[in-house]
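Chains A, B and C, in that order, are what the protein sequence lines are. Per my numbering, the very first residue in the first sequence carries number 1; after that it's consecutive. Per my numbering, the very first residue in the second sequence carries number 1; after that it's consecutive. Per my numbering, the very first residue in the third sequence carries number 1; after that it's consecutive.
Hints listed in this document are in silico derivations from the structure and should not be mistaken for laboratory results. Model, not experiment: these values are computed from the prediction. Positions of the beta carbon are idealized from the N, C-alpha and C atoms, including for glycine.
If you only want the chain B side, here are some residues facing chain A, beta carbon under 10 angstroms, derived:
id : residue
1  : ALA2
2  : ALA155
3  : MET156
Not close to chain A: a few residues of chain C, all C-beta gaps over 10 angstroms, as computed:
id : residue
4  : SER3
5  : GLY359
6  : GLU368
7  : THR400
8  : LEU468
9  : ARG525
10 : ARG530
Lysine-lysine pairs mimicking DSSO-like chemistry, simulated, CA-CA at most 30 angstroms apart:
id : chain 1 : residue 1 : chain 2 : residue 2
11 : A       : LYS18     : C       : LYS494
12 : C       : LYS379    : A       : LYS146
13 : C       : LYS495    : A       : LYS18
14 : C       : LYS621    : C       : LYS32
15 : A       : LYS29     : C       : LYS379
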Amino acid sequence: MNLTLRIWRQPNAETAGKLVDYQIHDIGKDLSFLEMLDVLNERLASNNEEPIAFDSDCREGICGMCGLVIDGVPHGPSQGTTCQLHMRSFHDGQTITVEPWRAATFPVIRDLVVDRTPLDRIIQAGGYISAPTGSAPEANALPVPKADAEAAFDAAACIGCGACVAACPNGSAMLFTAAKAAHLAHLPQGQPERKTRARGMVEAQDELGFGGCSTVGACTTVCPKDIPLATIAQLNRDVLRPARSR
Amino acid sequence: MATTGLIMLSYLVAHMIGNLKIFAGRQTFNQYADWLRTMGEPAIPRRTILTLIEIVLVVCVIAHITSAVQLWHRAQRAHKSDYTTRTMRWGGVIVALFVVYHLLDLTFRVANPVGAAHDPYDNVVASFQQWPVTAFYMLALIAIGLHIRHGITSAMASLGVSHPAIPLVSNAFAFLLTVGFLVVPFAVLIGAVS
Amino acid sequence: MISYDVGVEISDRKAPTGPIEHRWSERRFEAKLVSPANRRKRTIIVVGTGLAGGAAGATLAEQGYRVIQFCIQDSPRRAHSIAAQGGINAAKNYRNDGDSIQRLFYDTVKGGDFRSRESNVYRLAEISTQIIDQCVAQGVPFAREYGGLLDTRSFGGVQVSRTFYARGQTGQQLLLGAYQALSRQIAAGRVEIHPRTEMLDLIVIDGHAKGVVVRDLVNGRISSYTADAVVLATGGYGNAYYLSTNAKGSNATAIWRAHRRGAYFANPAFTQIHPTCIPRSGEHQAKLTLMSESLRNDGRVWVPKKHGDPRPPREIPEEERDYFLERMYPRFGNLVPRDIASRATKNVCDEGRGVGPTGYGVYLDFAEAIDRLGMPIIKERYGNLFQMYERIAAEDPYTTPMRIYPAVHYTMGGLWVDYDLQSTIPGLFVIGEANFSDHGANRLGASALMQGLADGYFILPATINDYLADAAPVSVGTDRTEAEVRQRIDRLLKKGDRTADSFHRELGDLLWEHCGMSRTEASLRKALDRIPELREEFWDRITVTGSGQELNGELERAGRVADFLELAELMCLDALHREESCGGHFREESQTADGEAKRDDANFSYVAAWEYGKENPTLHKEELTFEYVHPAQRSYS
Ligand SMILES: Cc1cc2nc3c(=O)[nH]c(=O)nc-3n(C[C@H](O)[C@H](O)[C@H](O)COP(=O)(O)OP(=O)(O)OC[C@H]3O[C@@H](n4cnc5c(N)ncnc54)[C@H](O)[C@@H]3O)c2cc1C
Ligand code: HEM
Ligand code: HEM
Ligand code: SF4
Ligand code: F3S
Ligand code: FES
Chain A
1 MNLTLRIWRQ
11 PNAETAGKLV
21 DYQIHDIGKD
31 LSFLEMLDVL
41 NERLASNNEE
51 PIAFDSDCRE
61 GICGMCGLVI
71 DGVPHGPSQG
81 TTCQLHMRSF
91 HDGQTITVEP
101 WRAATFPVIR
111 DLVVDRTPLD
121 RIIQAGGYIS
131 APTGSAPEAN
141 ALPVPKADAE
151 AAFDAAACIG
161 CGACVAACPN
171 GSAMLFTAAK
181 AAHLAHLPQG
191 QPERKTRARG
201 MVEAQDELGF
211 GGCSTVGACT
221 TVCPKDIPLA
231 TIAQLNRDVL
241 RPARSR
Chain B
1 MATTGLIMLS
11 YLVAHMIGNL
21 KIFAGRQTFN
31 QYADWLRTMG
41 EPAIPRRTIL
51 TLIEIVLVVC
61 VIAHITSAVQ
71 LWHRAQRAHK
81 SDYTTRTMRW
91 GGVIVALFVV
101 YHLLDLTFRV
111 ANPVGAAHDP
121 YDNVVASFQQ
131 WPVTAFYMLA
141 LIAIGLHIRH
151 GITSAMASLG
161 VSHPAIPLVS
171 NAFAFLLTVG
181 FLVVPFAVLI
191 GAVS
Chain C
1 MISYDVGVEI
11 SDRKAPTGPI
21 EHRWSERRFE
31 AKLVSPANRR
41 KRTIIVVGTG
51 LAGGAAGATL
61 AEQGYRVIQF
71 CIQDSPRRAH
81 SIAAQGGINA
91 AKNYRNDGDS
101 IQRLFYDTVK
111 GGDFRSRESN
121 VYRLAEISTQ
131 IIDQCVAQGV
141 PFAREYGGLL
151 DTRSFGGVQV
161 SRTFYARGQT
171 GQQLLLGAYQ
181 ALSRQIAAGR
191 VEIHPRTEML
201 DLIVIDGHAK
211 GVVVRDLVNG
221 RISSYTADAV
231 VLATGGYGNA
241 YYLSTNAKGS
251 NATAIWRAHR
261 RGAYFANPAF
271 TQIHPTCIPR
281 SGEHQAKLTL
291 MSESLRNDGR
301 VWVPKKHGDP
311 RPPREIPEEE
321 RDYFLERMYP
331 RFGNLVPRDI
341 ASRATKNVCD
351 EGRGVGPTGY
361 GVYLDFAEAI
371 DRLGMPIIKE
381 RYGNLFQMYE
391 RIAAEDPYTT
401 PMRIYPAVHY
411 TMGGLWVDYD
421 LQSTIPGLFV
431 IGEANFSDHG
441 ANRLGASALM
451 QGLADGYFIL
461 PATINDYLAD
471 AAPVSVGTDR
481 TEAEVRQRID
491 RLLKKGDRTA
501 DSFHRELGDL
511 LWEHCGMSRT
521 EASLRKALDR
531 IPELREEFWD
541 RITVTGSGQE
551 LNGELERAGR
561 VADFLELAEL
571 MCLDALHREE
581 SCGGHFREES
591 QTADGEAKRD
601 DANFSYVAAW
611 EYGKENPTLH
621 KEELTFEYVH
631 PAQRSYS
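So here's chain A without its partners, still in its complex pose:
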């Protein structure tokens, strides 16, 4: 099929960007969206034009590296990550707008590539269990009810892509933060640091300049790993409860 692509081009963080139109022809339905961009880039590069910078690595929906706003929707029209989107989700002759994640906390590095290091900072503010290597007890010493393990996994599935921030009208990273907090809060190993973790991460997300959450819910809609809105309530509960209680 033939398509018109309107792609955000921005040479670097300091220079203003703009949407530029590209025509692309004979794209197969089985190509992934990123492979389609590869094809375009190969053409640009062989004509000595600058290819479009975008991030990707695993290309199977697990590393969280990819992320484009396609026609206004983070990760585009199908459920899942940008790299799992295939051209069969589009039709011949369509015009597709492609932009980077939009959030002041994620400055554009170039074209469609943004800087998501603030998400790492949130984890550094407490998104872990302090268990230095060598100090661990026998793995089966502490049974974990299956349901808790499953719930922990559901939250731990977050890939840190940042689509939630891109979708949130407040530019809040609460879903991401809540997912990590929920992962560890569901496990007995995560209890000792539960309150300090929740508070530390929420404070960090505020200090880093992310917006506050007002329960809009746009984040869950685009989340490729279906992290539910309830995790945010759970995080708030841990933040509000006094440090001593569970």
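Place chains B and C with the ligands on chain A using the hints.
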């Protein structure tokens, strides 16, 4: 924000129930209005409780608006703004404008066609017999309903309560509250209360 | 064509020689220690944040060392390890099904087709149990039984159930555990992290590894970092084949540059081809997707008996299907080891009986399993994999059999290291898939995660002290390395007429064709003739737009492809010189009467460690001795 919102909300619930007494007739309604002021008497001087409520409400409004502005500010710093948050904020502003007008109308009675000092029943009826006022009230009440609909869900999440039924319950709650308020101007308009 | 010299034999002098079960504790006892006060004064560079690097960085920092760490992704959490699906082995024997350290050791040596070191493998099996303890303490949400205890499954045809897993995302969860531990050290100021930074060379001063030259991928700045020791944890080089199951960014640059600076490269030809991947669909395909091996537990592999049968699979009657794995290997059926399943698949497709649009695919059919077990069980076991398949292939595996084909998956070869995981350059340590250590000629499923974490959490942090205890402090002299890196980048920045990707694809096809699932002297010679030409063409015609002072994906790719073009030659040379078949290395000249790999222990029971040479590489052999597991011909039929 959640706390202040919910306090104001509980006032609204009480207020709505109070308003519905208008269907019980002029006397009941006026007595009720009077009771508001004489609550606790003689143990407590006249108007103490009402004044306390008023103070709490004023503090809430100020605190609520302050955090709303902060939230707005942070979102702007994070470069964001779109439909849902806009509705919440403008919805809030409409609520605020409404309250100002409403106070002028029925509390201070400066904007009221009758302005009877001890007959709120008359005042209410007089107000709602003017269709532009009724229309304005109705619009404002719907805005309030929408604000509350999202507000309850949001307040629950902020307070760390999560339950799959919350969206449903808050929708129902906001709906009942809005209807509860709306029936009064509507009743006056169709002449059921006069 | 390139030739090689044979140099002196090398050996691993670090492993103690006593009873195998005491070797690791003996080594830890003999190794010198560094006092806590002195650790603070020592800096260690760790390149890579995958399971191996992430675990090592966190643990070294916990011990009190200062760590400087690099990765090419925008966050340490995105290393390629994140993609591992199936699970991680450990000899816990929770099932009471006869597993033990001894058995895991035995299985790994045998699975590696007797081309790995007994001491190393035993240690790996020994440490495997501690890994699970450590990960659980970090909050890795492993699958559990209803009683709350850890669940296991059997994997890759092994007869005991020793694979721990977290749904189909074990690698992700293990990596997040390591990443979180690392994050804690970053917050504590003990690890200085540099994401989006690529190591482009190794700094060697007076014969010791003392630092790295890196390029900041965002602004292009090239700078040098020095330290008391350097650890490479940069993963495997499967992307030499262009299409593989590895992440797009996986590359060989770090280990290849270290090789050029003097680190020997061991067994470069040992590549693992995974039998169950989604076949390629067209020429623009950028990578191949693995479908978990566990699918073979219930799926049946078949092709039509008739060549080029045009009928859709469901219309082909039972008697016209060839369940070739079940036919050829009645004892193991669809569960034969990876290399055997892959080769059998390739053979039926080469005969012209492959299916799908390209003819390079076979069916993996669940109809019988659905009949036997019912839809709900199949859904529970494989639901997410089926969904993933449907998303990519746009076919519903519940009703139409999946199509699969083998793809490059893992590289057993890597930089040569001794028992301490130190390379032939003192002060340069190599961990994880980047080294060659434990898997011999073929890796068992769920063992790479185990090895990466064993290296990172437990082995390196114990052995590196021995080196640091008397390493001379870093002398910051003038160094040419940085200048050389700049020159190389300048050479790449030119306007030619072919992109790095187009060279990469051509190289990949060449390797796949001639140094892939089966290799012959003729095919390897052909590749060895072509690769130097391709390399010359590369430097002649490469086009890289933009400049070096900005984020420039073309430049990154070009640099990596240039290194693959050199490494590929060594891979083919190694494959050519090893005139035997073993594990994943199948030389058609060396097979048994029924077409199985035939080892030649008399002549090739060694690790081939290659030393870089400007003209020719030099081969150093490390003789392998087997005291505990006696080499036997693998047989699965
Ligand atoms: C699809 C798939 C599924 C798998 N499933 C399993 C499984 O179920 N069980 C199992 O045991 N194994 C599995 N494996 C194998 C296993 O995942 C890998 O072998 C293992 O994760 C490698 O870990 P690592 O730490 O050595 O390297 P990686 O995880 O590859 O990490 C490499 C790191 O080095 C960095 N790096 C690379 N080059 C440079 C450079 N030049 N400069 C700076 N940084 C650099 C990268 O940024 C990254 O941080 C699977 C592999 C694949 C591809
Ligand atoms: C000037 C007046 C007002 C403004 C500007 C305002 C604005 C806002 C804003 C911006 C929010 C948070 C956004 C969100 O949750 O999506 C909010 C929440 C809320 N508001 Fe208001 N509002 C006002 C008046 C009121 C009144 C009068 C009530 C009650 C009757 C009320 C009840 C609530 C509730 C319950 C919430 C939810 C609190 C939470 O999110 O935790 N608001 N308001
Ligand atoms: C149809 C709907 C409503 C009617 C008929 C109504 C009626 C009245 C009347 C009669 C009074 C005066 C009582 C008195 O002074 O004795 C009053 C006061 C007040 N109303 Fe309403 N009201 C309505 C809706 C609302 C709403 C939606 C709000 C808030 C968002 C509100 C907020 C107030 C406040 C703050 C006062 C002042 C109370 C005080 O004296 O402190 N009202 N209302
Ligand atoms: S919560 Fe969802 S959208 Fe947000 S980072 Fe995690 S996976 Fe991405
Ligand atoms: S969209 Fe934003 S406001 Fe909260 S619920 Fe999601 S973070
Ligand atoms: S590239 Fe890894 S999730 Fe998309």
